[in-house]
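*Asks:* Next come the chains, spelled out residue by residue.
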Amino acid sequence: MTMLLGILMIVSVTAQTGTTISVRGTVTDIAGEPLIGVNILLQGTSTGTVTDYDGNFTLQAPANGVLEISYIGYKPQSIPINNRTNIRIVMAEDTELLEELVVIGYGTVRKDDATGSVTAVDATKLNRGLATSPSDLLAGKVAGLSVVSSGGAPGSSSSIRIRGGSSMSASNEPLIVIDGVPVDNATGVSGMADPLSTINSNDIETFTVLKDASATAIYGSRASNGVIIITTKKGHSGKVRLSYNGNVSVSNKTGTVDVMDAPTFRNYVVNSFGEDSQQAAALGNTETNWQDQIFRTAVSTDHNLSVSGTAGERLPYRVSVGYTNENGILKTSNLERYTGSVNLSPSFLDDHLRVQLNARGMYYTNRFADQGAINSATQFDPTMPVYSETESPYGNGYHMSLKPDGTPIDIGLANPLAILEQKYDKSKVIRSIGNIQLDYRMPFLEELRANLNLGYDISKSDGDVIIEDNSPMSYTWGNFKSGWGENSTYYQYKSNTLLDFYLNYAKEMGIHRFDAMGGYSWQRFYNESDNTYPYSAAMASETGNEFYKDGNDYSTESYVVSFFGRLNYSLLNRYLMTFTLRNDGSSRFSPDNQWGLFPSAAFAWKIINEPFMEDAGNVMSDLKLRLGYGVTGQQNLGSGDYPWMGRYSYSQAGANYFFGDKMISLIRPLAYDENLKWEETATYNAGLDYGFLNNRISGAFDIYYRKTTDLLNTVGIAAGTNFSNQLLTNVGELVNKGAEFSITGRPIVSKDLNWSLNYNISYNRNEITKLTITDDPNYVGVRFGGIDGGTGNNIAIHSIGYPAGSFYVYEQVYNDEGNPIEGVFVDQNADGVINEKDLIVYKNAAPDFFMGLSSQLSYKNWDFNFSLRGNIGNYAYNNIQSNRESKNTTFDPSGWLKNRVNSATVTNFDAVHYQSSYYIQDASFLKMDNISLGYNFNQLLNEQQSGRVYLTVENPLVISKYDGLDPEFTNNGIDNNIYPHPRVFILGFSLNF
Amino acid sequence: MKTAKYKILLIVAISFMIAGLSSCTDDLNTIPLDEEELVSEVVFGSEIAPYQELLAKIYAGLAISGNSGGDGDPDVAGVDGGSQASFLRGLWNLQQLPTDEAHCAWNDVGIPDLNYNTWTSNNVFIKGFYYRLYYQINLVNALLKETTEEVLNSRGVSANDQAEIVHFRAEARFHRALAYYYLLDMFRNVPFVNEESPFGSTLPPQILAADLFDYIEKELIECEADMLDPFVGYNTTHYGRAHKAANWSLLSRLYLNAEANIGVKKYTESITYSKKVLAENYQLDPVYANLFKADNHNSGEMIFPIRYEGEDTQTWGGMTFLLSAMEPSELQEEVNAVGAWQGNRATSALLKTFEREYKHETDSRFSMLRLDYTENIEIEDPSVFTNNGIPVVKYYNRNSDGTLPPSNIAYTDFPLFRLGEIYLNYAEAVLRGGTGGDATTALQLVNNLRKRAYNGDNAATLTAGELNLDYILNERGREFFYEGQRRTDLIRFGKLSGSTYLWPWKGGVPQGRSVENYLNVFPIPADDIGANENLVQNTGY
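Each protein sequence line maps, in turn, to chains A and B.
Per numbering that gives the first Met the number 0, the first sequence starts with residue 0, numbered consecutively.
Per numbering that gives the first Met the number 0, the second sequence starts with residue 0, numbered consecutively.
Think of the hints as simulated: they come from the structure by calculation, not from any bench.
Given the structure is predicted, the values throughout are model-derived calculations rather than measurements.
Errors might be hidden in some of the hints.
Okay, the calculated bits of chain B under chain A, using three or more residues with CB under 8 Å as the criterion [unchecked claim]: (1) 73-86; (2) 125-137; (3) 411-425; (4) 434-446.
Short, incomplete list of chain B residues facing chain A, as computed with Cβ under 10 Å [said to hold, decoys possible]: (5) V38; (6) S67; (7) G68; (8) P190; (9) T235; (10) E308; (11) G529; (12) N533.
Note that beta-carbon positions come from the ideal geometry of N, C-alpha and C, so glycine has one too.
Chain A on its own, in the form it takes in the complex (with noise of 0.2 Å):
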């Protein structure tokens, strides 16, 4: 029987192709490099063979036969075999589909298979600028990414969120992962103030975004907020490169807040008071513009030397170095970083083992310039001088407020120059991050691979704050306000380790391909901090004592225990699925409620491969479905590694009682809900990738709905259940709503001009559904964000049925000129009476649509590119105006006048007004980021070396109706005491040789 089979099918092969030859081969890249693994298949068959280490290959095949030649990274190929026994092959790289292979939690995935929503951005591609922090990178890049720095500081950190926000009082933001390591971003190492400036943005290969739950849930309880992976560059076959950027780049501020010029004060004082008021007494004689006296023209510089290739043919590496040195715009404020990097790929065992082992390190210095400064220049008075006239013994020679005998005023301003100055804020950081993974195809099977990630992140800071003796601040600031300055130090150490095992084993059978993964993950956090608060040198001798106050020390760690699986399955390449589950365990909860199910299901639909999709092919280069859903975790509460332990605290001086003669300190139990868990966040995603004319037009559209249920907050609870009447515990809801849309175009591609465009646009809505155990319509909200002015004034609340971080405010009342009438506010309840119950929730510092545009335009040698950014419906709240408006507060009554901004006469406020919704202003802008124009030279000595001259200048325009300095902040939409951001102008240059 067999032997009769066997016989059919040898006569219909041949019967079908004619003769079967012997076909052997050389495969190449265009460099004449062999290529090896690559996939040579008998076009309708199932025959085929890989190409050995020399690139050579071995076929029996039909003389009339159609070779199709495949290799990952390089364009495919169907040769016709026309009979010929010696083929050589020249394959070309394709890199469009290297871009899509994109890194997902534990693999990598073809972008066209992927089926939840995930961006990668190709970093090698972004313009760099001044960028210290990779964060930077990414604003505007990718669709319902916002990244908003917090302010133009050295080193200043900047606030991501993916799809708004899912937590009230728990971390937004997202994890990031550098080369397989999760790394703890939520609690910043302190003295660093973007724990991400650690990186290099010269060192990073890709950033990918993961934004939905079906490709964030593989990360459990740590993905609520979207996942952000981050690969860095490796070494590469091939000769050694080295590789050099450098720039130069200068700083400027862009502008100065509105306030009085001294001889527009001087009449407004005048004015206002009277010409022979206590007011106008308090006038000085000079003409000072403080703002102009804390800023400076900044110049910084930053180097990078990298080299990579692979050592005597078997070792891939690169290893970088980098030296940044970065001044900020406010003077004194610095920053100095040392980097390097090494990357080392081996492959051993025929390749089956690959080893890939990362390191990087950090040295970095900081001085901080104290931004309180802004605040007092843009306050003090500007008729006074800045250094001391009279022969005051009191503030260092710098001007301070007096009272008339000659001692300092001790709730006076500061000086804002010697806040700069008399204020020395170093710190000083050293961190490492590295891995090392093993990844082993078994000899035996080979579609099984394990997989073997050991990871670390150790960092250790330290760093003082010292305030001069007898400076202006040791009267006016702190506790004691005695003239000596009330110095603090600092040290942190942290660690975090990982261990992370998965086994994955891939198979294609015909027309069905699955590939399943399964794993275990362990990492531990920990974090040693110390603080002490000494006395200078000359205090310490004159008092006896080393403290003024006891220091304290406190250690601490956490551990994430848990166990993943992910199956993805294909059919006919057309339909898709993936499942992942990942059951987390914290040891952040009680025992009882430590582990945590975390599942996702996503189906993706590639209609561009349907059979009636063929003749669209012309047209549409793809087309693909995407719907998913899945649930995340937050377990970064922000209430500590210990929140549901009971636990007590001893009373402080002040608080005691006695027995009889003998004096007993008190100990109290603090409220604690055991039952306290993580937040948790389900979504559904519905996507929609799309590409004309062979990928040159490309893009997606997506739709999410996001509830996070569990919402910590502290709410009353019942009298008697525990040590407090009010608790922080799981009891709210809150949902985000969004759309995404995002196109890439290449409007021209020719020999000598290229243009190619991005655009990207989201849309999200927050609210919040749910506050309290039950429903009390009394309940207002949760009110915080305290404002400069007053004492204990909030500005913010968070809302049923609102966004988070709400303003509430009184809802002002107009003239018909449109200017407010002071003092009288729209009386919601109509009860005759202005209080409490007359706020309302009004607007919101999120924007509702934010957008990015970036353009690539090059021609022959020269490149041009721009950035370009909107944000559309944020609202800020101008405390800088709010408090610097009223006539009544311009003199306070220990003797001293406070600079108004030159509003204060159009709105001409007597009284303050906090509270009021004239302050919360309309913050939507559209800013360049920035404008780079470079030319690329091909050689220098010889054909080997390539380079790049550029210049970039950054922010060079801001468009916003916002009377603010800056309508982009952090600080719950508050505008107060923002470092602004600098323009800077860059020269670089790159070589490559």
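With chain A held as given, fit chain B onto it using these hints.
*Replies:* This is chain B only, laid out in the frame that chain A set:
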């Protein structure tokens, strides 16, 4: 063959890993690394100190508001620590402002409603006091759970220490009974928790007044035996702690008010316990004013104080409030207070209470009404202190010999229970028909009390016919003004609500008006009604 070897290797490797995994999941059960992060396993061990410190916290809850000086780190959340979460200040505000004795000139949110008996369930002062009482109860429940015999044995506490801790437990139960007494008197039907109630999210049931009364009575009777024996005056080891006489005094007060609180007459029982106190060696302090001076810890009349020892018990509520809120600024130095806030003063009704007596100018208590510092005994402008009503200066932060304590931070203890009250309790209970006492003793006690007030002058003496219930109410007014008792007394005599007794600004009207009866009981705070669905609000609110 090779494949098989690899397969076996793989299986072995995987089994090792699984074994390793289970030990790794144990890592999730962490305890705080830092020794200063105190979980109860770390805090409570075999030493007696932490138990004593927890007990001290219960006592301190009557005196100060938080866990750090100046009401920092307050015990009650959502209210101002110094003014609204202070037991003593809250007690004073709730017991004095709604009455004929005091009126506060400040416009702080919640104060005018207390002055005019127009409060609602949202009143912050009512809320603060309510949650303060429950704070005390929660602490007591915690201490009782940590000090049961089994738990102490399992921690290796020595027999000596355990004997001492038995006293702690009894005193804690006393404090809980005290807190429930105030809850009964002011709120009637309240949520009930004891050391057996589940901790956390189970909502406490509402207990009815009659059952609460029985509970308080039972608790006090049961814990009495384990309390310290009574001592008179200052005791270098125990002064400040509750002893048997404090227990009896509370019972005496509880029973006296039973008819008003639950409609059951318990005057006989009141007399029983008054007699127990009288049998001890307590003496009336020869000088009335000395009871309210910085060295009143030496007084033989003091039964149970709330202690203040200067900067070690620092608060803006409590005794600081009693010293600073009432005197005109000219008297601040004499009182030796940290401030002269000039808020509370008496209405003319208090003057009339004194004027009813014979030769009232001789009454040393009367001299505390500082008519010399006001030009108008009537309050014409309720929000002005000066010349609108009568300043009352009763508490002094000065020793009885005129010398000063170590600083101007309060050193004067507050007499929560003193002998003078027992005298009047006894007399009133007899007049109301309680048995076990006699009218002669009653008259004698009242006369002793009055003679002390009159410094021995015979004008003080009453005849048997003069001593009746109305007289008792007035005498209580003269003896206990500004000691946080007036509201309870007026209610017991049916004079707080209704129109039988009107005083200036009662109900918000200058000449006073009748107010509804439901105001005899405070409302359960709206916050708790919202948080606990088992609770039914008191009628009228």
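*Asks:* Does each hint fit the structure? Answer for all of them.
*Replies:* Comparing the hints with the structure gives:
1. 73-86: It holds, with 4 qualifying residues against the three required.
2. 125-137: Per the Cβ count (6), the hint holds.
3. 411-425: With 0 residues closer than 8 Å to chain A, the stretch 411-425 of chain B misses the three-residue bar; violated.
4. 434-446: violated (count 0)
5. V38: This hint holds: V38(B) lies near chain A, its Cβ roughly 5 Å from the closest one there, short of 10 Å.
6. S67: holds (4 Å)
7. G68: holds (1 Å)
8. P190: Holds. Min distance 5 Å.
9. T235: holds (5 Å)
10. E308: Holds - the Cβ of E308(B) comes within 10 Å of chain A, reaching about 5 Å at its closest.
11. G529: holds (4 Å)
12. N533: holds (8 Å)
Taken one by one, the earlier hints fail for this structure at numbers 3, 4, listed in ascending order.
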